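Engineer: Listed below, chain by chain, are the residues.
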Amino acid sequence: EAGVAQSPRYKIIEKRQSVAFWCNPISGHATLYWYQQILGQGPKLLIQFQNNGVVDDSQLPKDRFSAERLKGVDSTLKIQPAKLEDSAVYLCASSLDRRLPYEQYFGPGTRLTVT
Amino acid sequence: RKEVEQDPGPFNVPEGATVAFNCTYSNSASQSFFWYRQDCRKEPKLLMSVYSSGNEDGRFTAQLNRASQYISLLIRDSKLSDSATYLCVVTSNSGGYQKVTFGTGTKLQVIP
Numbered sequence: 320e321a322g323v324a325q326s327p328r329y330k331i332i333e334k335r336q337s338v339a340f341w342c343n344p345i346s347g348h349a350t351l352y353w354y355q356q357i358l359g360q361g362p363k364l365l366i367q368f369q370n371n372g373v374v375d376d377s378q379l380p381k382d383r384f385s386a387e388r389l390k391g392v393d394s395t396l397k398i399q400p401a402k403l404e405d406s407a408v409y410l411c412a413s414s415l416d417r418r419l420p421y422e423q424y425f426g427p428g429t430r431l432t433v434t
Numbered sequence: 249r250k251e252v253e254q255d256p257g258p259f260n261v262p263e264g265a266t267v268a269f270n271c272t273y274s275n276s277a278s279q280s281f282f283w284y285r286q287d288c289r290k291e292p293k294l295l296m297s298v299y300s301s302g303n304e305d306g307r308f309t310a311q312l313n314r315a316s317q318y319i320s321l322l323i324r325d326s327k328l329s330d331s332a333t334y335l336c337v338v339t340s341n342s343g344g345y346q347k348v349t350f351g352t353g354t355k356l357q358v359i360p
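Taken in sequence, the protein lines are chains A and B.
My numbering applies: residue 320 is where the first sequence begins, and numbers increase by one.
My numbering applies: residue 249 is where the second sequence begins, and numbers increase by one.
Just chain B, same shape as in the assembly (with noise of 0.2 Å):
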């Protein structure tokens, strides 16, 4: 099983919709979750943070579930620069560092 699996897609929704993903993580010790977003040929670039109450920010909302060990993301009222490759983060701590692990990414396709 890998540490970090994601629903690769593409997710093709039509603009205005609502669209969620999940992202389930192995380590049951790992301690915090992150969201980035990737353009196309371009870097990761941090989208926000998981908090275990949950968090939104905008049309942004993320969530932990720590017993069932999964995160997710919803994008309510997608645009088309919304547009990307989302990609789940999960760091948990080894031998006094945090080790980082990166999810393979969903990607998502807004349609006018």
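This is chain A alone, in the form it adopts within the complex (with noise of 0.2 Å):
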């Protein structure tokens, strides 16, 4: 069974640019998750799709980020304009299903840094 695929692994931008985060959750899972994880912290949740619905995206900063799911499937994460603070490992996961807690399955991440 193919895992999470994410794209790219890394990204190095200068401070004020934009940049976008791609995602391919496992084939049939419905709830799709983006997290943020500092180095020395836990992941942060950004957002939380179930299909191509938000049902979480409280911690999610709407000023600079955006993320989207249009058919349902993949998924996409965009920061515009990216701040030194936003140097973090950004962290795709999803599961089967958002009313129990299910198992959730990682992708190897895409590690931004700012400068």
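Simulated from the structure, these hints should not be mistaken for laboratory data.
Predicted model, so just to flag it, every value in this text is computed and none were measured.
Honestly, I wouldn't trust all of these hints.
Stated by the list, open to error - Mimicking BS3-like on lysine-lysine, the simulated pairs with C-alpha atoms at most 25 Å apart in a straight line are:
(1) A/K334 with A/K397
(2) A/K363 with B/K347
(3) A/K397 with B/K347
(4) A/K330 with A/K363
(5) A/K334 with A/K390
(6) B/K293 with A/K363
(7) B/K327 with B/K293
(8) B/K250 with B/K355
(9) A/K330 with A/K381
(10) A/K363 with B/K327
(11) B/K355 with B/K293
(12) A/K330 with B/K293
(13) A/K381 with B/K250
(14) A/K381 with A/K334
(15) B/K355 with A/K363
(16) B/K327 with A/K397
(17) B/K290 with B/K327
(18) B/K347 with B/K327
(19) B/K327 with B/K250
(20) A/K402 with A/K330
(21) A/K381 with B/K355
(22) B/K290 with B/K355
(23) A/K402 with A/K381
(24) A/K363 with A/K381
(25) B/K327 with A/K402
(26) B/K355 with A/K390
(27) B/K250 with B/K347
(28) A/K363 with B/K290
(29) A/K402 with A/K363
(30) A/K390 with A/K402
(31) B/K290 with B/K347
(32) A/K330 with B/K250
(33) A/K397 with A/K363
(34) A/K334 with A/K363
(35) A/K402 with A/K334
Take the two lone chains and join them into the complex the hints point to.
Structural biologist: This is how it looks when you write it as structure tokens:
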């Protein structure tokens, strides 16, 4: 079974530039999550999708971050404009069903460095 | 108070030792509990779920104390390969979906 795919794996940008990350969840997984993990901290949920609808984006800095999952499968997360404090690993995860705490499967992450 | 709190460590223990981590949570209505393991520069992976009656998987034992609002993870006979960060995960029902909160993680280093 193919795992969660993410790209790119690494990205270096200057502050005020824009960046986009892509995620393809495990086939059949209805729930998709984007997390931000700053070095030395646990993953922080940015946004959670159930199919193509948003169920939780309470911690997403909406002035600069946006995410979509148009066809209920793959998803993109965008930052525009980036700030130095956005340097982190962005993890995508998927699970079978949002109503039950099924296991989350994580992708390898995108390591973002903002200079 | 943070929703989920863990001692960041690091816990440095010799091979063969027994080590225990605790994780406290603030929401008394929390429903599900997990331990995830994260190796350096890798993604988190599920280690085990935590059930009310406690559960064991080989050298790993997880327990839940709802009255005191904490979960624990016990590792017996530590191996070098157990070196990793252990993340506590708590979920709660929020508007019909499960809100997931990760702790900051506890770093374990098993020393030869």
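Engineer: Now tell me if each hint is right for this structure.
Structural biologist: Against the structure, the hints come out as follows:
Distance restraint check for A/K334 and A/K397: the Cα-Cα separation of roughly 14 Å lies within the 25 Å cut-off, and the hinted pair is therefore satisfied. For the proposed pair A/K363 and B/K347, the alpha carbon gap of about 12 Å is at most 25 Å, so the pair holds. With a CA separation close to 22 Å, the supplied pair A/K397 and B/K347 stays within the 25 Å bound. Taking the CA atoms of A/K330 and A/K363, the gap is near 20 Å; set against the 25 Å cutoff, the hint holds.
Between A/K334 and A/K390 the alpha-carbon distance is near 31 Å, which puts this suggested pair outside the 25 Å criterion. At roughly 15 Å between alpha-carbon atoms, B/K293 and A/K363 fall within 25 Å of each other, so this suggested pair holds. With a C-alpha separation of about 18 Å, the suggested pair B/K327 and B/K293 falls inside the 25 Å cut-off, and the hint holds. At most 25 Å may separate the alpha-carbon atoms for a hinted pair to count; B/K250 and B/K355 meet this at roughly 19 Å.
Restraint check for A/K330 and A/K381: satisfied, since their Cα atoms lie roughly 21 Å apart, inside the 25 Å limit. A C-alpha spacing of about 29 Å is found between A/K363 and B/K327, which places the hinted pair above 25 Å, so the restraint is violated. Taking the CA atoms of B/K355 and B/K293, the gap is near 15 Å; set against the 25 Å cutoff, the hint holds. A C-alpha spacing of about 23 Å is found between A/K330 and B/K293, which places the hinted pair at or below 25 Å, so the restraint holds.
At most 25 Å may separate the alpha-carbon atoms for a hinted pair to count; A/K381 and B/K250 meet this at roughly 22 Å. Of the pairs offered as hints, the one joining A/K381 and A/K334 holds, with about 17 Å between alpha carbons and a cut-off of 25 Å not exceeded. At most 25 Å may separate the alpha-carbon atoms for a hinted pair to count; B/K355 and A/K363 meet this at roughly 18 Å. Between the alpha carbons of B/K327 and A/K397 the distance comes to roughly 40 Å, so the proposed pair goes past 25 Å and is violated.
For the proposed pair B/K290 and B/K327, the alpha carbon gap of about 19 Å is at most 25 Å, so the pair holds. Straight-line distance between C-alpha atoms of B/K347 and B/K327 comes to about 33 Å, which puts the hinted pair past the 25 Å bound. For the hint pairing B/K327 with B/K250, the CA-to-CA distance comes to about 31 Å; that exceeds 25 Å, so the pair is violated. In summary, the hint linking A/K402 to A/K330 is supported, as the alpha carbons are separated by about 14 Å, within the 25 Å threshold.
For the given pair, A/K381 sits about 32 Å from B/K355 by alpha-carbon distance, which is inconsistent with the 25 Å threshold. For the hint pairing B/K290 with B/K355, the CA-to-CA distance comes to about 14 Å; that is within 25 Å, so the pair holds. Restraint check: the Cα-Cα separation between A/K402 and A/K381 comes to about 14 Å, which is no more than 25 Å; the hinted pair holds. For the given pair, A/K363 sits about 15 Å from A/K381 by alpha-carbon distance, which is consistent with the 25 Å threshold.
Under the criterion of a C-alpha separation no larger than 25 Å, the hint pairing B/K327 with A/K402 is inconsistent with the structure, at around 40 Å. Taking the CA atoms of B/K355 and A/K390, the gap is near 38 Å; set against the 25 Å cutoff, the hint is violated. Of the supplied pair hints, the one linking B/K250 and B/K347 holds, its CA atoms being roughly 15 Å apart against a limit of 25 Å. Pair hint A/K363 plus B/K290 holds up; C-alpha atoms about 16 Å apart against a cutoff of 25 Å.
Straight-line distance between C-alpha atoms of A/K402 and A/K363 comes to about 17 Å, which keeps the hinted pair within the 25 Å bound. With a C-alpha separation of about 29 Å, the suggested pair A/K390 and A/K402 falls outside the 25 Å cut-off, and the hint is violated. Between B/K290 and B/K347 the CA atoms are separated by roughly 23 Å; this keeps the pair inside 25 Å, and the hint holds. A distance of roughly 31 Å separates the Cα atoms of A/K330 and B/K250; the hinted pair therefore is violated under the 25 Å criterion.
For the suggested pair A/K397 and A/K363, the alpha carbons sit about 16 Å apart, so the restraint of at most 25 Å is met. For the suggested pair A/K334 and A/K363, the alpha carbons sit about 21 Å apart, so the restraint of at most 25 Å is met. Of the supplied pair hints, the one linking A/K402 and A/K334 holds, its CA atoms being roughly 5 Å apart against a limit of 25 Å.
Violated hints for the displayed structure, listed by number in ascending order: 5, 10, 16, 18, 19, 21, 25, 26, 30, 32.
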